[in-house]
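> If you read the protein sequences in the order shown, they are chains A and B.
Numbering that gives the first Met the number 0 applies: residue 0 is where the first sequence begins, and numbers increase by one.
Numbering that gives the first Met the number 0 applies: residue 0 is where the second sequence begins, and numbers increase by one.
The reader is advised that the hints may include incorrect statements.
So, partial list: chain A residues that the calculated Cβ filter (under 10 Å) puts toward chain B [what the hints assert, rightly or not]:
1) Y29
2) S35
3) I39
4) P46
5) L103
6) L104
7) P189
8) I242
9) F245
10) P259
11) G260
Don't read these hints as lab results, they were simulated from the structure.
Don't be surprised by glycine CBs; every beta carbon is placed ideally from N, CA and C.
The primary structure of each chain is shown beneath.
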Amino acid sequence: MTAVAERPDVARRGKPRGSARSRSDRTAIYLLLLPSLVPILLLSVFPLLRGMYLGFTDARAGRNVDVSFTGLENYRELLGDDLFWNSFKIGLLWAFGVTVLQFLLALGLALLLNQQLRFRGVARVLAVVPWAMPPVVIGILWKLVYHPDAGLLNEFFHRVGADGLRTNWLGDFSTALPAVIIVGVWAGMPQTTVVLLAGLQGVARELHEAAAVDGASTWHRFRHVTLPAIAPVIVAITALDFIWNFNSFGLVYVLTAGGPGGKTMLPMLFAYEEAFRYGNYGYAAALGNVMVVIIVALLAVYLRRRLREAN
Amino acid sequence: MIGRPSRTGRTLQYVVLAGYLIFLGFPLVWLVSTAFKPPRELVQLHPTLVPSNPTVQNFVQAFTEQELGRAALNSLQVSLASAVLTVLVALPASYALARFRSKLGTVALGWVLLSQLFPFVLLIIPIFLVLRQVGLANTHAGLVVIYVVWALPFALWMLQGFVRNIPRELEEAASVDGASRLQVLRRVVFPLLAPGVVATALFSFISAWNEFFFALVLVKTPELATLPVALARFVGIEGTARLGPLAAGSLLATLPSLIFFAFMQRRLSSGSLAGAVKG
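Chain A extracted, bound-state conformation (with noise of 0.2 Å):
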C-alpha cells in the first residue's frame, strides 16, 4: 500500500497518469470500499429513498402490488386527522420538554463534575450509567417506581405523609405526560452530560484564571467566559437531543404504549400503529416525511439563529 500512499494525490484525483500500478491501487481503493457501501446504498440510502416515495401513494399491507401513486392525497388526509395534530401537539411537548430539562440538568451536573470535588471519580461513573442500560429496560424500571401499588413513588409519598399524592403515575390523564417527560430526561441526561463535561475541559483556565484576578464574580466568569467558550457544544448537543426526542419510540412504547387516551402518542407511536396495526404504509410514511420537514425546519430556524449569537 506505501507506494499508493506516497502519492495519495493520484488516488484522489482518479488521473492514472499512464502508470499501470496506480490503476490497479485505485481499483484495489474500491473494492476495500465496495464491501461497506453496497449495503449502505441497498439497505440503508435506497430504502430512505423508497420511504419517502410511499408517502405519495395508497400502500397498504398485503397490497404492495398495484401501488398506486396518489400525489399530496395523504397529506390531505393528515391536515384532517385529530389523531395527527394530537400526536404532533405531544412530540413537540415532549421533545422540548426532555430537550431543556435535560440540558439544564447536564449542565449544572457537568458544572459540578467539573470541579475539584472528593468522590468525583464516583460520581462520574454514576452519572454515566443510565446510558449504559438498554432503552427497553430503562422504561421497565420506571414502570416499577411508577407502579401504583409496589411503585417506589408512591411509597415514598405514603412514608413522607403525603398520601394524598399517591396516583397512577402512568394511568392518569394529568400526569402520564410528565411522568414520561421525567424518564427522558433521566434516560438522556448522561449522554448530554458526557458531552457538556467534554466541552468545559477544554476552557482555558488561564481565562478563568485572568478574569477571578480581574475580580470578576462565579457568575460573571460563567456568564462570560465559560458560556461563550461551550456555546458552540450547547447548540450541537441541543439540536441532536431534540432530534432523537422528537423520533424517539421504544421508552415510551414500553411505558404507555400512547396511553391513557392518546396523552403520550408520539408521532412515531402514531406511525407505527398506523403502518403496523392497521396496515397504513403510505399513511405512515406520509407521516415521516412530515417529521423530517419539520425537523429540517426547526433546525434551520435554531441552528441560524444560535450560531449568529455564537459569532
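Chain A is already provided as a structure; the job is to place chain B on it using the hints.
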C-alpha cells in the same frame, strides 16, 4: 469556577451533587431490590427498600422461563453475528478511508450525521418489504443484516480514526525492509489496530443488543424474539407477582452494556464517543 468557593458554597455543591446521584441512582437501587424480592414481598402494599428475605429465585425464573432464556440466547446470537460482520465489512473500507483522501470519506461522515435525522418509520416499511422479497423477513439473518448496515457508518468513522493514529512511517519502514503489502498489514497494521477493532465490535454488539424497534417489527415469531422485545411483551402480561422475574431479566439485559461501559470508561469521559450510543 476555579477560584476557591467559600465553605458554604462547597457544602451546597455536595448537597446538589448528592441530589443528582439520588435522582440518577435510586431507580436502579429499586430495580436491584425488586429483582431480589420473593413473590410475597412483591405483592405487599407497602414495599420495603431492602428485601427481608432476599432470593435469587427471580433470576432462576427469568432464565428458565422459556421466553426470557431463549430470548437472551437469541439476542446473544444476533449481537455476536452483527459485531463480527460489522468489523469484517468495515475494516477494509476504514483502511481505504484513512489512507487515501477521497470524497467518499466525507460522504460517509456526512451520512452518520444525516442518518440521525430520519425517523425510523421511513426506513422500516421499505426495509420490511425488501427483506420479505429476499426471504429474510422474520429471520435472525435479516435482523443481523439490518444491524450491520445500521452500525456501519459509525463503525467506519470510528475505525478509520484508529487507522489514522497508526503512523504511516511504520508501514513505510516495514515495506522498505522488504515486507509485502499483506505482510505489512498483518504484522504492522492489524496488531496496532486491535483496540480499535475491539471497540468497534463492542459498539456494534451493544447497539444490536439494545435495539428494539427493528426487532419488534421485523421478527414476528415469538420463539425468535430478542431480549428487549421479550421483556416488552413480559411487561404487557405483568401481574404484580411477575415484577420479580421482570426486574431480574432487566438486570441481566443490562449486564453486557455495563461491561462495555466499564471497558470504554476512559474514552467516554473524554467525550470522544459521546455521539455513539443513542437512546
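> A separate judgement is required for each hint: does it hold in the structure or not?
Status of each hint after checking the structure:
1. Of the supplied interface hints, the one on Y29/A holds, with its beta-carbon coming within about 8 Å of a beta-carbon of chain B, less than 10 Å.
2. A cut of 10 Å between beta carbons decides the hint on S35/A: the least distance to chain B is about 4 Å, and the hint holds.
3. Given hint, I39/A at the interface with chain B, holds; its Cβ is 6 Å from that chain's nearest Cβ, closer than 10 Å.
4. Contact between P46/A and chain B, as hinted, is supported at the beta carbon level, the nearest pair being about 4 Å apart and thus within 10 Å.
5. Hint on L103/A is violated. Least Cβ distance to chain B is approximately 12 Å, over the 10 Å limit.
6. Residue-level restraint check for L104/A holds (minimum Cβ-Cβ distance to chain B is 8 Å; threshold 10 Å).
7. Here the hint on P189/A is kept, as its CB sits about 8 Å from the closest CB of chain B, short of 10 Å.
8. Using the Cβ-Cβ criterion of 10 Å, the hint placing I242/A at the interface with chain B is satisfied: the shortest such distance is roughly 6 Å.
9. Below 10 Å, beta-carbon pairs count as interface contacts, and F245/A has one with chain B at about 8 Å; its hint therefore holds.
10. For P259/A, the interface hint is violated, since its Cβ never comes within 10 Å of a Cβ in chain B; the closest pair sits about 15 Å apart.
11. With 10 Å as the threshold, the beta carbon of G260/A stays out of range of chain B, its nearest partner Cβ sitting at about 18 Å, so the hint is violated.
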